[in-house]
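2 protein chains.
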Amino acid sequence: MIDTGELQHLLEQAKGNLGLPDVLPGLYDPIRYSLDAGGKRIRPLLCLASCEACGVDPEEAVSQAWGIEMFHNFTLLHDDVMDRAETRRNRPTVHVKWNEATAILSGDTMLTLATQLIARCPDDHLRQLLDLFNSTAIKIYEGQQMDMDFEARADVSVDEYLEMIRLKTAVLLSAACEAGAIMGHASDQTRNALSRWAENIGMAFQLRDDYLDSFGTVETFGKVPGGDILNDKKTWLLITAINEAPDAIMPLLGGERSQAKIEAVKAVYSSLNLPARIHELMDRYTTLAAEALVEANISPTDRDWFTGISASLAQRQS
Amino acid sequence: MIDTGELQHLLEQAKGNLGLPDVLPGLYDPIRYSLDAGGKRIRPLLCLASCEACGVDPEEAVSQAWGIEMFHNFTLLHDDVMDRAETRRNRPTVHVKWNEATAILSGDTMLTLATQLIARCPDDHLRQLLDLFNSTAIKIYEGQQMDMDFEARADVSVDEYLEMIRLKTAVLLSAACEAGAIMGHASDQTRNALSRWAENIGMAFQLRDDYLDSFGTVETFGKVPGGDILNDKKTWLLITAINEAPDAIMPLLGGERSQAKIEAVKAVYSSLNLPARIHELMDRYTTLAAEALVEANISPTDRDWFTGISASLAQRQS
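Same order as they appear, the protein sequences are chains A and B.
According to the working numbering, the first sequence holds residues 1 to 318 in order.
According to the working numbering, the second sequence holds residues 1 to 318 in order.
Honestly, the hints are just simulated from the structure, not real lab data.
Same chains, same names: a pair is fine if it fits in one copy or spans any two.
As a list, the in silico DSBU-like pairs of lysine-lysine whose alpha-carbon atoms are at most 30 Å apart:
| # | residue 1 | residue 2 |
| --- | --- | --- |
| 1 | Lys97 | Lys40 |
| 2 | Lys15 | Lys139 |
| 3 | Lys97 | Lys233 |
| 4 | Lys15 | Lys223 |
| 5 | Lys266 | Lys40 |
| 6 | Lys97 | Lys15 |
| 7 | Lys40 | Lys223 |
| 8 | Lys233 | Lys139 |
| 9 | Lys97 | Lys223 |
| 10 | Lys233 | Lys223 |
| 11 | Lys261 | Lys233 |
Model the full assembly from the supplied sequences, consistent with the hints where possible.
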């Protein structure tokens, strides 16, 4: 039976075995700092849980779990340089605490370390894991590029947005489950089912993030909401409003970063019923996830663990 | 018999098959731009030649050759951001022509594309190639970090400097030959011999670059010399001068970037006989390379090709 606490314990135990040497602190300290920030470790947990659900000791997948987490933290580190973000999880970002050159080089090192962790596997899994990891990485870069391209465009469609978040966010959750399933010697059917479950959960996860950034509270969102609105960030909410009520929303973009702007933009969103509609969309992805999960040949109790993850995302947070 | 022109032709022919899609020009155009800059393509040539010297059609190693070249160009792209370099090979750098976020993300993409190219091989070579590639990449990041650390230190030893250039420059030439030898089904002895040949040639290559940056001409160096001196760059020349004649060299560091500074620093170098001594050091590495080459089980005519590469580096250019 999958026990989240046990998997978290397994992850923390394995953290000392990631191949970070005690030399060159200028290179490796920012990597430790980045990994020490914590976070929910949702991706490595999904990797370990998928392996266990396939009937294999989750310890077999712990290197792949950390490979996925290392990769995720590498993308955060480089994204923070690209976005010139000053804080992450209430601490200064690496390029602020050290400098930009350090952030770039430590991030590059994390990408190669991630590849090495993924490759810590029996030879008969190497090709499949490596192809999965590399193709997932390419999709994530493409998603990031689409996200940056969107900021300069006024004609982004909702479908384009959904494809962007699929690439930028959902495919890594999917790869986490798929890597765990590969290490768990899963059948193609179970591997694909867990992969599709995670991709749909990832879509719901990102849409919830979009929703909470505008309509959440510090408690539900985990940080001060309103950032997306102040930055005119092209989220599902803004893109839908631009498409359906351009005359109402366009005059509110640009200009002063104020609480009044936040309230005015939220009023447009509410007038279009977007809070309810984004939850309907999230529910649709959660349903697709549930349908995929049925096709995985895993035990009912293990299935309940995955359903519990979905449920915690699906419930309204405010 | 190894024919440089034929290998160059093979490389250019394979350039269309690198996996760069026609979508997302913001991501992929900077990669094409970076690869189109040309350069001598010394690393992929060494990879193909090593494969051919082992008796295997060099076409078998063309993906690995491009993987190494893609990786090399990725390091140049990110190094240029870190150094805030404005031109490379007489063209604007990627972060100048596009922007910094593009340079970071396109570089990340090149690293993953390089890994994918390296992995285009029969399954029985995958583990060995991937381990070689990843461990080489880590060494190069460590060399770059040492190089950055050196700039803030006044007590760098010559041995530390030589270790830095081994990591930052020589090991990639070595990996190019080793990857070609692996694709050529070389014996351990031949693979190690070609690898050591290339590492020593790489050392001579970097020392010649150090020499020419101070004592070369536009013709021999390929660009305006003097940049290292103007930037107080910690090369073998400057480190040796700081260690042996601190009173003469230290007052010349910092301050105005002028032709007078270049001449004054060169005068100190000449007073210590550094031009002759750096050539002696280069000759020592070239001799070590020749000794390694003898141990490779390759034909005399193929050995001549490698010796020709060494000779072109060993000859004094000014």
